[in-house]
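Engineer: Given these sequences and hints, build the entire structure.
For the sequence shown, the numbering used here gives the first residue as 1, with consecutive numbering after it.
Any given hint might turn out to be false.
[Claimed, not checked] Here are the simulated distance ranges between beta carbons: (1) V208 x S332: 45 to 53 Å; (2) G19 x G269: 56 to 64 Å; (3) G48 x E231: 44 to 52 Å.
[Unchecked claim] List of simulated lysine-lysine pairs, BS3-like, C-alpha gap at most 30 Å: (4) K182 x K144; (5) K102 x K242; (6) K288 x K330; (7) K102 x K66; (8) K319 x K292; (9) K144 x K242; (10) K330 x K301; (11) K305 x K288; (12) K242 x K301; (13) K281 x K319; (14) K281 x K301; (15) K301 x K319; (16) K319 x K330; (17) K330 x K281; (18) K305 x K292; (19) K288 x K242; (20) K319 x K305.
Hint data in this document are derived by calculation from the structure and do not stem from the laboratory. We put the beta carbon where it would ideally sit given N, CA and C, even for glycine.
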Amino acid sequence: MKTIKVGKVTLGIILIVLGFGIYFGQTRGYQWFDIIVKYWPLALIGLGVEFVIASRDYEAKVSLSKASVLLMALVLLIAYGCVLVVNPLAAINIGLGMPNAKESYTLAVDIDEIFDSGRGRLELSNVSGDIRLQGSDTTRVSGKVNITARAATVEQARRLAESIRVDKHRLINTLRLTPRPKYKGNQQYGASFDLSIPNSASVEIGTVSGDVRIDGVEGAVAVDSISGDVELDGLPASVRIKTVSGSIEVSLGTGMGHLSIETVSGSVGIQAPPQTGGTVKVETVSGKISAKDPGVSIAEKPGHKSASGTIGSEDANTKIDIETVSGTVKFSD
1 MKTIKVGKVT LGIILIVLGF GIYFGQTRGY QWFDIIVKYW PLALIGLGVE FVIASRDYEA
61 KVSLSKASVL LMALVLLIAY GCVLVVNPLA AINIGLGMPN AKESYTLAVD IDEIFDSGRG
121 RLELSNVSGD IRLQGSDTTR VSGKVNITAR AATVEQARRL AESIRVDKHR LINTLRLTPR
181 PKYKGNQQYG ASFDLSIPNS ASVEIGTVSG DVRIDGVEGA VAVDSISGDV ELDGLPASVR
241 IKTVSGSIEV SLGTGMGHLS IETVSGSVGI QAPPQTGGTV KVETVSGKIS AKDPGVSIAE
301 KPGHKSASGT IGSEDANTKI DIETVSGTVK FSD
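Structural biologist: In structure tokens, the structure reads:
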């Protein structure tokens with residue numbers, strides 16, 4: 001009976017990927033060792049696929065090549081060592097984690113991307129910094145991302161700012177923009193977006209801190225934020241906002257089908273201009289609810305307050321759902 005040892009093909013693939021990784025790391029600045037460590041489980045998948053293919057030969061005895069498995073483990077160990085050693089050394093060089101980060105440096109990154117104006121979706125992921133989106137009659141996402149870095153010296157702040165890249169990822173009709181540091185460490189930086197986008201676009205924003213303002217966007221809008229104010233006009237077809245703290249100001253529109261807001265301690269202000277309005281459902285633990293419209297009834301009992309009814313025009317049909325813990329909710333004309 002012949003013997004087939006598996007593992008050599010997988011090892012070969014890893015070495016090829018490693019070679020390309022080192023090449024792009026040297027010529028394009030990518031962190032090949034980070035990529036290998038992040039996706040190391042693919043080596044196990046490759047090993048399993050190789051084992052299954054070899055096992056189809058029922059006349060052969062299939063076994064793992066110990067040398068290949070050990071070499072694969074060694075490659076991953078070396079890559080992991082690079083992450084532990086190279087990243088901290090580079091971080092020290094550009095001033096990451098320095099306690100006296102008194103100096104700052106701002107770098108403007110130009111954005112100009114073709115966008116599917118009919119069905120396009122824009123996703124922004126940010127840690128710190130304001131986000132300003134303006135809908136317009138265009139087929140591109142354009143503007144600037146201003147990256148502000150802080151470090152002990154201006155030179156270190158400049159190096160840190162230049163090490164932050166704005167990743168641009170496309171998937172079918174979705175464009176995702178994400179500021180991403182090149183090195184691991186206690187980075188002190190923020191990225192502020194100021195973009196012009198197609199008015200028909202849908203938008204999804206995830207941010208930790210920083211204000212969000214969206215004007216002139218007619219697609220669906222979703223905002224997830226920890227801290228920061230959120231302000232929207234009445235053009236989106238639907239709106240979903242989740243925050244922990246920070247004020248939320250939304251102006252209703254005639255084409256807005258659904259408005260959903262969840263917040264812990266942030267205040268909520270809903271404005272209903274002429275020809276707008278809809279049904280209201282508000283739930284809060286200790287927040288205050290106020291509405292001048294006689295169509296809204298407010299009920300209070302220990303540990304719970306609620307409001308329901310209608311606001312604005314009788315012909316308007318926006319469905320408004322609001323949940324808060326301690327935030328105030330105010331409806332106005």
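Engineer: All hints are to be evaluated individually against the structure, with a verdict given for each.
Structural biologist: Against the structure, the hints come out as follows:
| no. | hint | result |
| --- | --- | --- |
| 1 | V208 x S332: 45 to 53 Å | 29 Å, violated |
| 2 | G19 x G269: 56 to 64 Å | 57 Å, holds |
| 3 | G48 x E231: 44 to 52 Å | 51 Å, holds |
| 4 | K182 x K144 | 19 Å, holds |
| 5 | K102 x K242 | 33 Å, violated |
| 6 | K288 x K330 | 8 Å, holds |
| 7 | K102 x K66 | 54 Å, violated |
| 8 | K319 x K292 | 18 Å, holds |
| 9 | K144 x K242 | 26 Å, holds |
| 10 | K330 x K301 | 19 Å, holds |
| 11 | K305 x K288 | 8 Å, holds |
| 12 | K242 x K301 | 25 Å, holds |
| 13 | K281 x K319 | 8 Å, holds |
| 14 | K281 x K301 | 16 Å, holds |
| 15 | K301 x K319 | 25 Å, holds |
| 16 | K319 x K330 | 16 Å, holds |
| 17 | K330 x K281 | 13 Å, holds |
| 18 | K305 x K292 | 17 Å, holds |
| 19 | K288 x K242 | 19 Å, holds |
| 20 | K319 x K305 | 19 Å, holds |
When each numbered hint is compared with the structure, violations occur for hints 1, 5 and 7.
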